[in-house]
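Let the sequences and hints guide you as you build the complete structure.
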Amino acid sequence: MSKQLRLSETVIHKYFNKAKDRFINRELSWLAFNSRVLEEAKNDANPLLERIKFLSISASNLDEFTMVRVAGLKDQIRHGVSVTSTDGLSPQQQLDAVHEAAEVLIRDQQSCWLALREALRAAKITVARPADLDAGEIRWLKKYYLDNIFPVLTPIAVDPAHPFPFIPNLGIACLFELCPEGSQKKRVALVSFPPKLARFVLIEPRNGKSHRLVFLEDLIEMFFNTLFPGYSLTDSTMFRVVRDSDLEIEEEAEDLVRYFENAVKQRRRGRMVRVKVQSPISDNLRHFLIENLAVTAQDVFEVDGMIGMAALSELYDCERPDLKFAPFKVRFPERINDYNGDCFAAIQAKDIVVHHPFESFDVVVQFLRQAAADPDVVSIKQTLYRTSNDSPIVRALIEAAEAGKSVTALVELKARFDEEANIKWARDMERVGIQVVYGFVSLKTHAKVSLVVRRVDGKLKSYAHFGTGNYHPMTAKVYTDLSYFTCDADLCQDASYLFNFITGYAKPKQFKKLVVAPLEMRAGLLELIEAEMAHAKAGRPAAIWAKMNALIDPQLMDALYAASQAGVQIDLVVRGMCGLRPGVAGFSDNIRVKSVIGRFLEHSRIFCFGNGEAMPSPNARVFISSADWMMRNFDHRVEVMVPIENPTVHAQILDQIMMASLKDERQSWTLDAKGHYTRVNGDPSSFCAHDYFMVNPSLSGRGKALRKGKFPTEAARTVKSKPRRKKA
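Counting the sequence shown from 1 gives a position; this note's numbering is that position plus 1414.
Bear in mind the hints are in silico, worked out from the structure with no lab data behind them. Misleading hints may appear alongside valid ones.
[What the hints assert, rightly or not] List time: in silico BS3-like cross-link candidates among lysine-lysine, alpha-carbon distance up to 27 angstroms:
#1 1875 - 1921
#2 1891 - 1738
#3 1858 - 1923
#4 1838 - 1610
#5 1764 - 1927
#6 1557 - 1764
#7 1467 - 1557
#8 1927 - 1858
#9 1488 - 1858
#10 1838 - 1891
#11 1538 - 1557
#12 1891 - 1456
#13 1743 - 1764
#14 1764 - 1873
#15 1926 - 1764
#16 1456 - 1738
#17 1456 - 1923
#18 1875 - 1838
#19 2077 - 1743
#20 1738 - 1610
#21 1738 - 1467
#22 1873 - 1838
#23 1556 - 1610
#24 1873 - 1923
#25 1600 - 1610
#26 1921 - 1858
#27 1875 - 1927
#28 1764 - 1921
#29 1557 - 1610
#30 1873 - 1858
#31 1891 - 1467
#32 1891 - 1858
#33 1858 - 1926
#34 1764 - 1875
#35 1743 - 1891
#36 1456 - 1873
#37 1467 - 1488
#38 1456 - 1538
#39 1743 - 1467
In structure tokens:
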């Protein structure tokens, strides 16, 4: 396992030496992030099937990057856009750099797959080549093929009478060069892979301890004569297409829902961005593809290995728990159980934050189900950005509406790749009388907020939930996110103002506590940074701790540079893209940046400011947010930043979550001024934040156990740096 990642170092030097600005290129920074994901596939400290999953994720990530970011650069070039990036590169320079870096990444992925394939074989999971199959296996596979694969395949000849067929986005096809028996005249045909077919076929197991599989494409070629009887095969290859999948929004669309329905249907037919072909490929077949797919030679990538590596996720389904992470017990906050599962009573007693996936997302579901069933609940308001196909959140909202409650659902149609699902949910909810709102045409509503209003002792009382992640029970099992429940009157009133702003465009004069984008979030963060600078200049302790998924907003980065020069100590945990250069002498030498990549996807956003005291401090200003520090979050999305004032929740987020993230060594990479990431310490015995969170209950969720003196545990004491304030 490599200790230092130098993704396309020559590319970085080649382009950064020309840049006049002080930022790392966004696109190359993203590719560096995906290389860190790939490193987890190479990390032999991870179980074998988990390494396969990391490789699959790396491939899927690269697909989305190509569909959106590469497509965007090509579109800028096509339309003659000459605006440079924050680091001074033109669209063409960025595209050239991305092509070089992507080639390095693709080769690295293939090399990793070859190594993992051999490791799987040693673990008795064999992806067999046709030559490795015995006669019995071939007979079994032929019957399986004829029963389950052949009926859905369509062989297509390409000639003047049979035009080249449409290949959808991420579609794969086998391309064949054929000769009729007794003739030398060559013809070309292809077979597209039906999207519902699995990529791997499991050969009937002979015992429970071994798995033998074959690629779908190998089966198609093995039984080629069933598709093209009377022809011999002279040449073949595989190819896969990636199309532009971004949707352009027409602000004047008369019916936004119908517009998105049509746009989603058109996505699969988007402009071609990249074609991957299996190497080696003959000049004849290469030219055939370039001509018929209307792409340039630069758009065709030769891959010496597996095409469409995202399909490796299928291998994870092998029944081999010994090759996966050991399961852990997901906790349910004990304090809610102390109130016999009554979420409202527990929240009314004290604010609580739930740390997913270590604590169950069922808390969020139970909160809304209880609201749906409670006769005292008057109304529910809910934002929905992404959710699951069988969403318990949506079901709870439907149950509430059927029970006669006033329910408002703000459904974001512009949630990329979830547009179709969101349209379906919107229509299901409208049918039962839910007031469905789609927000602003020009802004994405990315904020994660629920607001429940109920009668208590003859008066109305509000309960709010603010999240850093989506209302999605499946991603909540692998994303680290925070769910904050409160009945703080000011926060609940602000949440009400926020919904009114989105549903009725009624811009509040001022929020009491929430900081909202695009109204004031960037300005609010700049003020907080400036306040830390003032503390530093006055000789007081000054520090900023922040955790996010991406940092590329130039104004915020410039503010952090200025704060560093003023003496503010800045520690950043940035999982993905980071355009800031830390550790530049006299410029950013007080800034440290790390990235945590591990078993769970770091997704929570936490912003902490020392407020004139050494960190961690009970007087630090602490916020959680739905927003990363990106231009799109500040200018083109509705986002919220929530102040954390309850002492116990404050301690949990600052002393426990942020401290553990900063102290993590096993899953951490540090960024240097040249754009290189170096692994901190891959030793399995080094401190791991994810392991810590799996065994240590969250502070605000503790109930009777706290009075019994069960906590903190030994692991907790390794994280806490000093005694804290009295319990709230």
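Going through the hints against the structure:
Restraint check for residue 1875 and residue 1921: satisfied, since their Cα atoms lie roughly 23 angstroms apart, inside the 27 angstroms limit. This hinted pair checks out: residue 1891 and residue 1738 have alpha carbons roughly 15 angstroms apart, not beyond 27 angstroms. Under the criterion of a C-alpha separation no larger than 27 angstroms, the hint pairing residue 1858 with residue 1923 is consistent with the structure, at around 21 angstroms. With a CA separation close to 21 angstroms, the supplied pair residue 1838 and residue 1610 stays within the 27 angstroms bound.
Our distance criterion of 27 angstroms between C-alpha atoms is met by residue 1764 and residue 1927, whose separation comes to about 18 angstroms. At roughly 63 angstroms between alpha-carbon atoms, residue 1557 and residue 1764 are farther apart than 27 angstroms, so this suggested pair is violated. As the CA atoms of residue 1467 and residue 1557 are separated by approximately 30 angstroms, the hinted pair breaks the 27 angstroms bound. The suggested pairing of residue 1927 with residue 1858 holds, with an alpha-carbon distance near 22 angstroms, which does not exceed 27 angstroms.
Note on residue 1488 and residue 1858: the hinted pairing holds, with a Cα-Cα distance of about 24 angstroms set against a maximum of 27 angstroms. With a C-alpha separation of about 24 angstroms, the suggested pair residue 1838 and residue 1891 falls inside the 27 angstroms cut-off, and the hint holds. Distance restraint check for residue 1538 and residue 1557: the Cα-Cα separation of roughly 24 angstroms lies within the 27 angstroms cut-off, and the hinted pair is therefore satisfied. Using a Cα cut-off of 27 angstroms, the hinted pair residue 1891 and residue 1456 holds, with the two alpha carbons roughly 23 angstroms apart.
Pair hint residue 1743 plus residue 1764 holds up; C-alpha atoms about 25 angstroms apart against a cutoff of 27 angstroms. With a C-alpha separation of about 19 angstroms, the suggested pair residue 1764 and residue 1873 falls inside the 27 angstroms cut-off, and the hint holds. With a C-alpha separation of about 20 angstroms, the suggested pair residue 1926 and residue 1764 falls inside the 27 angstroms cut-off, and the hint holds. Restraint check for residue 1456 and residue 1738: satisfied, since their Cα atoms lie roughly 15 angstroms apart, inside the 27 angstroms limit.
Taken as a hint, the residue 1456 and residue 1923 pair is broken in the structure, with Cα atoms around 53 angstroms apart against an allowance of 27 angstroms. Annotation: proposed proximity of residue 1875 to residue 1838 is violated, straight-line Cα distance about 32 angstroms (limit 27 angstroms). Of the supplied pair hints, the one linking residue 2077 and residue 1743 holds, its CA atoms being roughly 23 angstroms apart against a limit of 27 angstroms. Of the pairs offered as hints, the one joining residue 1738 and residue 1610 holds, with about 26 angstroms between alpha carbons and a cut-off of 27 angstroms not exceeded.
For the given pair, residue 1738 sits about 10 angstroms from residue 1467 by alpha-carbon distance, which is consistent with the 27 angstroms threshold. Of the supplied pair hints, the one linking residue 1873 and residue 1838 is violated, its CA atoms being roughly 36 angstroms apart against a limit of 27 angstroms. Taking the CA atoms of residue 1556 and residue 1610, the gap is about 20 angstroms. The hint holds against a cut of 27 angstroms. Taken as a hint, the residue 1873 and residue 1923 pair is honoured in the structure, with Cα atoms around 26 angstroms apart against an allowance of 27 angstroms.
In summary, the hint linking residue 1600 to residue 1610 is not supported, as the alpha carbons are separated by about 31 angstroms, beyond the 27 angstroms threshold. Proposed proximity of residue 1921 and residue 1858 is supported: the alpha carbons are some 16 angstroms apart, at most 27 angstroms. Taking the CA atoms of residue 1875 and residue 1927, the gap is about 18 angstroms. The hint holds against a cut of 27 angstroms. Note on residue 1764 and residue 1921: the hinted pairing is violated, with a Cα-Cα distance of about 30 angstroms set against a maximum of 27 angstroms.
A distance of roughly 19 angstroms separates the Cα atoms of residue 1557 and residue 1610; the hinted pair therefore holds under the 27 angstroms criterion. As the CA atoms of residue 1873 and residue 1858 are separated by approximately 34 angstroms, the hinted pair breaks the 27 angstroms bound. The straight-line distance between the Cα atoms of residue 1891 and residue 1467 is roughly 15 angstroms, inside the 27 angstroms bound, and the hint therefore holds. A threshold of 27 angstroms between alpha carbons decides the hint, and for residue 1891 with residue 1858 the separation of about 25 angstroms falls inside it, so the pair holds.
Restraint check for residue 1858 and residue 1926: satisfied, since their Cα atoms lie roughly 23 angstroms apart, inside the 27 angstroms limit. The hinted pair formed by residue 1764 and residue 1875 meets the criterion: a straight-line CA distance of about 14 angstroms does not exceed 27 angstroms. For the proposed pair residue 1743 and residue 1891, the alpha carbon gap of about 12 angstroms is at most 27 angstroms, so the pair holds. Between residue 1456 and residue 1873 the CA atoms are separated by roughly 59 angstroms; this puts the pair beyond 27 angstroms, and the hint is violated.
For the suggested pair residue 1467 and residue 1488, the alpha carbons sit about 30 angstroms apart, so the restraint of at most 27 angstroms is broken. Simply put, residue 1456 and residue 1538 have alpha-carbon atoms about 19 angstroms apart, close enough for the 27 angstroms limit, and the pair holds. Under the criterion of a C-alpha separation no larger than 27 angstroms, the hint pairing residue 1743 with residue 1467 is consistent with the structure, at around 21 angstroms.
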